[in-house]
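Protein chains: 2
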Amino acid sequence: MTRPLSGFTVVENDSFVAAPSACLALSQMGAEIIKIDPLKGGPDIDRWPVTAEGRSIYWGTLNRGKRSVAIDLRSDEGRELAQALITATGDDPAKNGIFITNNVGRSFLTDEVLRAQREDLIHVKVQGSADGGPGVDYTVNAETGIPGITGPAESPRPANHALPAWDLLCGQAAVTAVVSGLLQRSTTGQGTYAEIALKDIALSAVANLGWYTEALQPAGERQKHGNHIFGTFGTDFTTADGRSVMITAITTRQWRALIDTTGMTAVVEALQAALGVDLSLEENRYAQRETLEALLKPWFAARTLETVTAELTGTGVLWAPYRSIGEVAREAADATGDSAAGAIRGLASDQLDDMLVGANPIRFDGEYLSGERPTVLGEATHQVLSEKLGLSQTELGRLSDSGVLSS
Amino acid sequence: MTRPLSGFTVVENDSFVAAPSACLALSQMGAEIIKIDPLKGGPDIDRWPVTAEGRSIYWGTLNRGKRSVAIDLRSDEGRELAQALITATGDDPAKNGIFITNNVGRSFLTDEVLRAQREDLIHVKVQGSADGGPGVDYTVNAETGIPGITGPAESPRPANHALPAWDLLCGQAAVTAVVSGLLQRSTTGQGTYAEIALKDIALSAVANLGWYTEALQPAGERQKHGNHIFGTFGTDFTTADGRSVMITAITTRQWRALIDTTGMTAVVEALQAALGVDLSLEENRYAQRETLEALLKPWFAARTLETVTAELTGTGVLWAPYRSIGEVAREAADATGDSAAGAIRGLASDQLDDMLVGANPIRFDGEYLSGERPTVLGEATHQVLSEKLGLSQTELGRLSDSGVLSS
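Protein chains in written order, with our numbering: chain R, 1 to 407; chain A, 408 to 814.
Hints in this document: simulated from the structure, not taken from any laboratory. Quick caveat, the model's predicted, so the values are computed rather than measured. Just so you know, even glycine gets a beta-carbon here, dropped at the ideal spot from N, CA and C. Hints may contain errors.
What the hints assert, rightly or not - Derived DEER-like restraints, expressed as beta-carbon distance ranges:
| hint | chain 1 | residue 1 | chain 2 | residue 2 | range |
| --- | --- | --- | --- | --- | --- |
| 1 | A | R513 | R | A310 | 27 to 37 Å |
| 2 | R | A310 | A | P563 | 21 to 31 Å |
| 3 | R | Q272 | A | Q800 | 45 to 55 Å |
| 4 | A | S514 | R | A310 | 46 to 56 Å |
To be verified - Derived, one-sided and incomplete: chain R residues facing chain A with beta-carbon distance under 7 Å:
| hint | residue |
| --- | --- |
| 5 | V179 |
| 6 | L305 |
| 7 | G326 |
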């Protein structure tokens, strides 16, 4: 198949998770990505996790399928080269003029300055806060209220996410901004300036789940309830061999399957009669969640994960085993040679040994888009500047000698 | 400004978070959304949170700016009407033929059946697992390994997310699939079938953070480390008045600002000499995180949140107070009349009282896209079928009388 962004060129100058993850996705969708880097890399070039040799797995995983051009962005000549790359028209202007950045403080990269050079630019700027203030996933998350309802109910401390959920969501919004900008430019000829604040991503998402509206209701705001799913029945159970499983009963069918399989149907019927509540309604299961959890606990405690798996399979119970990061990794590494590879792929890298990377999770016409090669800092500097801006070997040599470019 | 998807019509038939959140975003970007609902609503029509009167805040918040068409999808006539809406060409076929669903088991909505009626359909299908199996945010999250590294380090249980992060990310991927499908169809004339499995969304995202690669390294997989940020310095502190603040020192500049402001510079210098480590390197701050946390604790414990705020403001320390869901809601409700409204907006609803809803967090040319009206189940049934399929009042009356449509 032809990838949906085949033929397009996107320029990025960014760091950390949000913007680089956007460009990784665009690369998988077929776009050529030119990554403008400072000569020694951005602030995330050595970021953890790292290999035993100290190389950043973080940077190397988020930056694949990109052509890195290393430029001294403190020099006037370097800044002009960066601007020229961002606003280049190429053979087909409709396929260029797309720029993603999280650099909010650089005067040579303001929308005004860049748009003066190319009026129909699609410019996506990722920022901390819409007022220009800083923000990272952890500070933004604290301000949403989510850590206060995450983690064990008995713990008085807020629980931070290990997952940078807001960064990832922000990255996907940047993808939307680029592609919708292209769609609009294809008909109107006009460019787009799209600004996306991480804090807005978070607040808007929580608002759209209805949780702020809920807090204004007479019953007040939601309290921390540990691993239970809000408003229905679902929580974790421990097996005889110390493993954890996540069990859910969201629909009536799943609920009946759960109590039937665990032999609890008669007990639940008697309980319903005794309490005068209909547990086929999920709100009642939620209200009785601690009692139901206690009733089901012995069934799981008496069985190993293997037995639980065997007995739940095919019953209609919606459940999953908790796996560790290492288990997922080892399973995926073992499956690497498999032709039916899924969302996680193996990738051999000179710098990072055996990598496990994510394919684009959207299967376009049945196909996972993947296959990016590792990016190396500055490796494409001369090649890209020659191709895109027509710089001669003499000129490239002079710029490298004077320290404006990596050699 | 003209919204980027102005003029386009998208049809949805879905429930829960992912697909409806995608269509909400598309609505905010200017698309007309036709939501095909079962006569009594989908499985999420009464889902919690609910108002004091039992109306679903969940459904009402995710479904705004959509025209609900209620059809008996078990009847042959109803199914044919749904197919006709999905594959309608309207005046300009390029602006129609876009369908998002999470219904994976319905034979009248398979891609094969729909594409036979309209070859250039853009069809986005959200599923649990790529193999056709079920999956919800909680089961998928358990399988990524993330709950095992979330929450207090001393707790042996995995910690589930309260936030349905994977659902939200999946929704944004569905937006990408639609818009990139439109971009491609605008040049090639060809449609797209995009399938997105929630489990793939999660596994691919974690893989692209490098965490599975990290687990294959000699040092093995990451362990739970509570509220500390991995690989740098950042954690929560408690103030004199029992509030929590998230403090980070990711860059050297932020670190120096933190120890300077808290009066710890000399202590840290002495500690560096005693331990023989350079704490200006973030990996060393991470290694010494518990010591640094202990050193900084008294400063926060001696000050109220108000004093902490006053003393940290303008110093360059990157931090945020933890807020509760209720605090965010009350602040946003108080600011509702404000003309400079941000990502959270007030919305008056007959059914749900005062709502707080999220604008589209992408500011296109400086503007938050918002302003959707509440959706009411079945309210647009006759209007949409008349407009889009040309059904007469007589025909609509007959279909309502026979129970195929809501009246």
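Hint check:
no.	hint	in the structure
1	R513/A <-> A310/R: 27 to 37 Å	holds (30 Å)
2	A310/R <-> P563/A: 21 to 31 Å	holds (25 Å)
3	Q272/R <-> Q800/A: 45 to 55 Å	holds (47 Å)
4	S514/A <-> A310/R: 46 to 56 Å	violated (31 Å)
5	V179	holds (4 Å)
6	L305	violated (12 Å)
7	G326	holds (4 Å)
Checked against the numbered hints above, the structure breaks hints 4 and 6 and satisfies the rest.
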